[in-house]
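Peer 1: One-letter residues, chain by chain:
There are 2 protein chains.
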Amino acid sequence: MSAKRYLEDFAVGEIIRGGALRVEPDAIKDFAAKFDPQVFHLDEQAAKDTFFGGLAASGWHTAAMTMRLIVETLPIAGGVIGAGGTIAWPKPLRPGAVLGIECEILEIRPSRSKPDRGMLKIRFTTREDTGEIAQTLVADLVVPRRPA
Amino acid sequence: MSAKRYLEDFAVGEIIRGGALRVEPDAIKDFAAKFDPQVFHLDEQAAKDTFFGGLAASGWHTAAMTMRLIVETLPIAGGVIGAGGTIAWPKPLRPGAVLGIECEILEIRPSRSKPDRGMLKIRFTTREDTGEIAQTLVADLVVPRRPA
Chain P
1 MSAKRYLEDF
11 AVGEIIRGGA
21 LRVEPDAIKD
31 FAAKFDPQVF
41 HLDEQAAKDT
51 FFGGLAASGW
61 HTAAMTMRLI
71 VETLPIAGGV
81 IGAGGTIAWP
91 KPLRPGAVLG
101 IECEILEIRP
111 SRSKPDRGML
121 KIRFTTREDT
131 GEIAQTLVAD
141 LVVPRRPA
Chain S
1001 MSAKRYLEDF
1011 AVGEIIRGGA
1021 LRVEPDAIKD
1031 FAAKFDPQVF
1041 HLDEQAAKDT
1051 FFGGLAASGW
1061 HTAAMTMRLI
1071 VETLPIAGGV
1081 IGAGGTIAWP
1091 KPLRPGAVLG
1101 IECEILEIRP
1111 SRSKPDRGML
1121 KIRFTTREDT
1131 GEIAQTLVAD
1141 LVVPRRPA
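From first to last, the protein sequence lines are chains P and S.
Per the numbering used here, the first sequence starts with residue 1, numbered consecutively.
Per the numbering used here, the second sequence starts with residue 1001, numbered consecutively.
FYI, nobody ran anything at the bench for these hints, they're computed from the structure.
Quick caveat, the model's predicted, so the values are computed rather than measured.
Please note that a few of the clues may not be correct.
A short, non-exhaustive set of chain S residues, derived as facing chain P with CB atoms under 8 Å [claimed, not checked]:
no.: 1; residue: A1077
no.: 2; residue: I1081
no.: 3; residue: A1083
Using N, Cα and C, we set each Cβ at its ideal position, and we do this for glycine too.
Build the full structure now, drawing on both the sequences and the hints.
Peer 2: And the structure:
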């Protein structure tokens, strides 16, 4: 990871890329057993008769793997701290896929009330090695300003 | 869990409640080690000098625990299947909190093109036993219609 960055160190339109992370079938099932115990995330055979037509990762597992990629990719001073966002899963994520992340800076907003920080609005695109999009997330992150 | 429900079995304004799930400190750290390895999710002592001022769960861990509560609470035929939504974490989630879920039906939309299904828009509120809100999620779920 490169040197940690402050709010002043980002530019609107900049895209920062990272990855890769391979989606293992056992990881899909382990996550599901803990957090999303539904048959289409747990069992290849039984998943065939469901909406997904086969084993697929929980969307929240996709989100969690994406966070791992973001933490490894985006060098923000103080860490990657979000208050929420808008998330979408355009397609099922299958075992064997290899994920990468693109972080596109959409907005930079210094805080009016707190001079030591600001917000970055970022579009995070989680892409398979085939080019297909597994997840989009637009989120606001709290980012410190460079100390004087 | 009660009998599985179809799109026709829900009513706008209905609220379905479930829980509880206790947030253990080791669960916070285990999730963080896998998916969100940042000091404020990994180590009580080191977390004191960060934005959070102490150990706090990853937002994606809150989302994953919320999914567990939803799967145990919301009896949809075919399972709980979402395409995305808007998520927010109004406050840090601390070890020892006990989470419950409220599922409020906001909209019911039969599909125009696919007569066997429709969408439910639901507001999922993840609440601590103190009454404080740990997460809000408004999501669209794919729900089958009752077979003729």
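Peer 1: If a hint holds in the structure, say so; if it doesn't, say that too.
Peer 2: Against the structure, the hints:
1. Of the supplied interface hints, the one on A1077(S) is violated, with its beta-carbon coming no nearer than about 11 Å to a beta-carbon of chain P, more than 8 Å.
2. Interface restraint check for I1081(S): the shortest CB-CB distance to chain P comes to about 6 Å, inside 8 Å, so the restraint holds.
3. Proximity of A1083(S) to chain P holds as hinted, the smallest CB-CB distance being about 6 Å (cut-off 8 Å).
In this structure, only the earlier hint numbered 1 is contradicted, and the remaining ones agree with it.
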